[in-house]
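**Q** Sequence:
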Amino acid sequence: MKRLVSLSIILFCLIGHTQNLAQLYKKVSSAVVVINVESVAPDGEGSSFQMALAASQGSGVLVNSEGLIWTAAHVIQSAESITVDFLDGDSYPAEVIASNPMSDVAIIKVSGTFELKEKKIATIGDSDKVEIGEDIFVIGAPHGFKQSLSRGILSGRYIPDKLSNDFEQIEFLQTDAAINPGNSGGPLYNMKGEVIGIASSIYTTSGGFDGIGFVAPSNSVKNLMDSSNGPWTGMETLLLNEELTRILNVPQKSGLLVISISSKGSAGKLGLRGGYIPAVINGNQLLLGGDIIMEVAGIKFEDKNSRSLIKQKLASYKTGDLIPIVILRNGQIGAAQFQKQ
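Okay, so the sequence shown: first residue is 3 according to my numbering, each after it adds one.
To be clear, the hints were calculated from the coordinates, so they are not data collected in a lab.
It is possible that part of the hints are untrue.
As a list, the in silico DSSO-like pairs of lysine-lysine whose alpha-carbon atoms are at most 27 angstroms apart [stated by the list, open to error]:
{"#": "1", "residue 1": "Lys266", "residue 2": "Lys313"}
{"#": "2", "residue 1": "Lys315", "residue 2": "Lys266"}
{"#": "3", "residue 1": "Lys111", "residue 2": "Lys313"}
{"#": "4", "residue 1": "Lys121", "residue 2": "Lys148"}
{"#": "5", "residue 1": "Lys266", "residue 2": "Lys320"}
{"#": "6", "residue 1": "Lys194", "residue 2": "Lys121"}
{"#": "7", "residue 1": "Lys302", "residue 2": "Lys342"}
{"#": "8", "residue 1": "Lys148", "residue 2": "Lys111"}
{"#": "9", "residue 1": "Lys224", "residue 2": "Lys28"}
{"#": "10", "residue 1": "Lys224", "residue 2": "Lys306"}
{"#": "11", "residue 1": "Lys122", "residue 2": "Lys28"}
{"#": "12", "residue 1": "Lys266", "residue 2": "Lys111"}
{"#": "13", "residue 1": "Lys306", "residue 2": "Lys320"}
{"#": "14", "residue 1": "Lys121", "residue 2": "Lys28"}
{"#": "15", "residue 1": "Lys266", "residue 2": "Lys122"}
{"#": "16", "residue 1": "Lys313", "residue 2": "Lys342"}
{"#": "17", "residue 1": "Lys29", "residue 2": "Lys148"}
{"#": "18", "residue 1": "Lys255", "residue 2": "Lys315"}
{"#": "19", "residue 1": "Lys194", "residue 2": "Lys29"}
{"#": "20", "residue 1": "Lys148", "residue 2": "Lys119"}
{"#": "21", "residue 1": "Lys148", "residue 2": "Lys194"}
{"#": "22", "residue 1": "Lys342", "residue 2": "Lys266"}
{"#": "23", "residue 1": "Lys122", "residue 2": "Lys29"}
{"#": "24", "residue 1": "Lys29", "residue 2": "Lys224"}
{"#": "25", "residue 1": "Lys315", "residue 2": "Lys224"}
{"#": "26", "residue 1": "Lys302", "residue 2": "Lys271"}
{"#": "27", "residue 1": "Lys255", "residue 2": "Lys111"}
{"#": "28", "residue 1": "Lys119", "residue 2": "Lys255"}
{"#": "29", "residue 1": "Lys224", "residue 2": "Lys111"}
{"#": "30", "residue 1": "Lys342", "residue 2": "Lys315"}
{"#": "31", "residue 1": "Lys148", "residue 2": "Lys255"}
{"#": "32", "residue 1": "Lys29", "residue 2": "Lys121"}
{"#": "33", "residue 1": "Lys148", "residue 2": "Lys122"}
{"#": "34", "residue 1": "Lys131", "residue 2": "Lys29"}
{"#": "35", "residue 1": "Lys28", "residue 2": "Lys194"}
{"#": "36", "residue 1": "Lys28", "residue 2": "Lys131"}
{"#": "37", "residue 1": "Lys255", "residue 2": "Lys194"}
If you anchor each label on the Cβ, the simulated ranges turn out as follows [claimed, not checked]:
{"#": "38", "residue 1": "Arg153", "residue 2": "Gly114", "range": "31 to 37 angstroms"}
{"#": "39", "residue 1": "Ser318", "residue 2": "Pro280", "range": "36 to 42 angstroms"}
{"#": "40", "residue 1": "Lys255", "residue 2": "Tyr205", "range": "23 to 29 angstroms"}
C-beta atoms are modelled at their ideal positions from N, C-alpha and C, and glycine is treated no differently.
Please work from the sequences and hints to get the whole structure.
**A** In structure tokens:
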């Protein structure tokens, strides 16, 4: 009899947990959006290529009644145009408000008048309080399959270099919930239905999902909302390692390679140029031929902490100040200035 009672309790708990997740999905799913992005990319091969608009998708989550949406920085970083699609069928153009590529978090906003209707606004949780082993779930549009749910646990916390030179923590949460292309920017929820992170990237040896996904903590996005230090440059970049520096003949220890760029971001307005030559180096797909930023505000790119030092230096400038920048373009070094916004 005791065994039957125990089995009944286990079955009841399993059924209750499944129903709870189904109820949570219904409660929160209308806050999740599909983000459609158009950006400029090379089309064709060899000397016959031309630059054309290319479409891509990501996900995001609605965080207020005015149409503010959280997503991943890499989803929108070089966007020429953005539209967001809601579960109720509404579709809106959107613009970038702020972006922090180092933490891979960004904030976009619906352009024009936004109608909330029956859409739910996401509840934001405290990512510092989530514990390893907790049940979580992710909603997004993997490979274009909209409003797809995957579940798992919080597998760990990952802080690559503990503290950077300006004592800024760059933290990511790790999960075994399935994350695939199109999930990027989508919300990670705890079992209270609170957003505790934004899907960022995966670690893979197969090219598909291998059970190791990384998520930017919700507190990182809250910090971006509370600060004015996340202007949208509108460019996707790569910090060059020693090998790439040699290959590209950069006359210093490192540099920031401009891979792609939006004409609407501050970098595009400055006249910086993105890449146009597709290449694969050490398994990484890149666009070469773009500008290489060698120095900003008198600080050279030398290692992975250079960006933190530059960020710290930029904070000392006042709005309207001109900031010097040194660029390597087609083998020639040139100088320019941009105005702090």
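**Q** Going straight from one Cα to the other, do Lys194 and Lys29 come out at no more than 27 angstroms?
**A** Holds, at about 11 angstroms.
**Q** Check whether the Cα positions of Lys302 and Lys271 lie no farther apart than 27 angstroms.
**A** Roughly 22 angstroms between the alpha carbons, so the hint for Lys302 and Lys271 holds.
**Q** Do the alpha carbons of Lys29 and Lys224 lie within 27 angstroms of each other, as the hint requires?
**A** Satisfied, since the Cα-Cα distance of roughly 22 angstroms is no more than 27 angstroms.
**Q** Lys29 and Lys148: Cα distance at most 27 angstroms?
**A** holds, 16 angstroms
**Q** Could you grab the alpha-carbon distance between Lys224 and Lys111 and see if it respects the 27 angstroms cut-off?
**A** Holds: Lys224 and Lys111 sit about 15 angstroms apart, inside 27 angstroms.
**Q** Would the hint linking Lys266 and Lys313 be met if the CA-CA limit is 27 angstroms?
**A** holds, 21 angstroms
**Q** Keeping to a limit of 27 angstroms between CA atoms, is the pair of Lys224 and Lys28 held or broken?
**A** OK: Lys224 and Lys28 at ~25 angstroms, within 27 angstroms.
**Q** Given the hint of 36 to 42 angstroms, is the C-beta distance from Ser318 to Pro280 inside that range or not?
**A** holds, 39 angstroms
**Q** Falls inside 31 to 37 angstroms, the C-beta gap from Arg153 to Gly114?
**A** holds, 36 angstroms
**Q** Between the alpha carbons of Lys148 and Lys111, is the straight-line distance 27 angstroms or under?
**A** holds, 20 angstroms
**Q** Could you grab the alpha-carbon distance between Lys302 and Lys342 and see if it respects the 27 angstroms cut-off?
**A** Holds: Lys302 and Lys342 sit about 19 angstroms apart, inside 27 angstroms.
**Q** Between Lys315 and Lys224, is the straight-line Cα distance small enough, at 27 angstroms or below?
**A** holds, 23 angstroms
Violated hints, listed in ascending order, are 15, 27, 28, 31 and 37; each of the other numbered hints is respected by the structure.
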